[in-house]
Amino acid sequence: MKLTAENIQFIDNYLKNSEVIYYDIRMEMLDHVATAVEQKMQSENLDFYDAFKSYMVVNKREILKGNKLWPGFSKDIISNFLKFLFQPIMILIGVLRGVYHKRGHYEMVEKTGLYWHFVDLVWVFVFTFFYLV
Amino acid sequence: MLCIRKLCIYLFSNFKAMKNSQLYKGSLNTIIMKLLEEKGRMYGYEITQKVKEITKGELNITEGALYPALHKLEAEGLLDVEVEKVDNRLRKYYKLTEKGTTETVNRLAELEEFIKNMQTIVNPKWSY
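Protein chains in written order, with numbering that gives the first Met the number 0: chain A, 0 to 132; chain B, 0 to 127.
So that you can see chain A by itself, here it is in the shape it has in the complex (with noise of 0.2 Å):
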């Protein structure tokens, strides 16, 4: 059973409110998604549109994967941004930040600086497991 062309137009419509921007990308996807529904509607004996909603409950996220704006946070880009804090060099910066603290050389701006800073990677942390997860 083949799809009609106001089928096809669906399926993109339906791609395009999913945030599927790139043309390319939508028309592998849109091929992909029509032939997945094509053979539902012939196996299951479905009309197209309950054959394209079970197809999507299943699938949507899997096929929206590589499709995400945002990408979140992943265990590399936590593992790479640790990586990259304890760096040799980065310990030395904050070493060497130490002993000017320690000298007392701060200045009021300075340091409302430091705080807003500490918040803002509290903030990192706080927004990494209580939002994303």
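Errors might be hidden in some of the hints.
To be verified - Away from chain B, derived, C-beta distances all over 12 Å, residues of chain A:
(1) ASN16
(2) ILE24
(3) ASN44
(4) ASP49
(5) LYS52
(6) LYS64
(7) ASN79
(8) ILE90
(9) ARG102
(10) ASP119
Stated by the list, open to error - Examples of chain B residues toward chain A, derived with CB under 8 Å:
(11) TYR44
(12) ASN59
(13) GLU62
(14) TYR92
(15) LYS94
Please keep in mind that the hints were generated in silico from the structure rather than gathered at the bench.
Bear in mind that the values here come from a model prediction, so they are computed numbers and not experimental data.
Every residue, glycine too, gets a C-beta built ideally from N, C-alpha and C.
With the hints as your guide, set chain B onto chain A.
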């Protein structure tokens, strides 16, 4: 409390998904290239179905893994793309380039070596 529950669900669902794919992950590119070598040219959906058919449903390549892999191989110059109009829509066919064909031979040899090594590790023949 809610967050701990969510975390568990998240970890568990990932664990379940990983069970099947983790070991195959490294050889996905080789699988794709081998299939293309045999079939000449294929499109994405066809590849997933073919793999499912060959392995009798044991190995299920997901869309989220397949297309990024295909695009990466294309960017590396190992695959070439042909777009064709099929039933009201465009279909993207992939085939191996010359470079891809030679690379396939290398990767298959590498994979065979790997399988051999795994077998000797998992199933060692003690010589004493």
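Each hint, compared with the structure:
1. With a minimum CB-CB distance of about 18 Å to chain B, ASN16(A) clears the 12 Å threshold, and the non-interface call stands.
2. The claim that ILE24(A) is not at the interface with chain B is violated, since a C-beta of that chain comes within 12 Å of its own (minimum 8 Å).
3. Even its closest Cβ contact with chain B, about 19 Å, leaves ASN44(A) beyond 12 Å, as expected for a residue assigned away from the interface.
4. Separation of ASP49(A) from chain B is adequate, the least Cβ-Cβ distance of about 20 Å exceeding the 12 Å criterion.
5. Every CB of chain B is more than 12 Å from the CB of LYS52(A) (nearest about 18 Å), matching its label as outside the interface.
6. With a minimum CB-CB distance of about 3 Å to chain B, LYS64(A) fails to clear the 12 Å threshold, and the non-interface call is violated.
7. The non-interface label for ASN79(A) is consistent with chain B: the shortest C-beta to C-beta separation is roughly 19 Å, beyond 12 Å.
8. Every Cβ of chain B is farther than 12 Å from the Cβ of ILE90(A); the closest lies at roughly 31 Å, confirming the non-interface assignment.
9. Here ARG102(A) stays apart from chain B, with its beta-carbon at least about 42 Å from theirs, past the 12 Å limit.
10. No beta-carbon of chain B comes within 12 Å of the beta-carbon of ASP119(A); the shortest separation is about 21 Å.
11. With 8 Å as the threshold, the beta carbon of TYR44(B) comes within range of chain A, its nearest partner Cβ sitting at about 4 Å, so the hint holds.
12. The beta carbon of ASN59(B) comes no nearer than 10 Å to any beta carbon in chain A, farther than 8 Å, and the hint placing it at the interface is violated.
13. At about 5 Å, the closest approach between the beta carbon of GLU62(B) and any beta carbon in chain A falls short of 8 Å, and the interface hint on this residue holds.
14. At about 10 Å, the closest approach between the beta carbon of TYR92(B) and any beta carbon in chain A exceeds 8 Å, and the interface hint on this residue is violated.
15. For the restraint placing LYS94(B) at the interface with chain A, the shortest Cβ-Cβ distance is roughly 15 Å, beyond the 8 Å limit, so the hint is violated.
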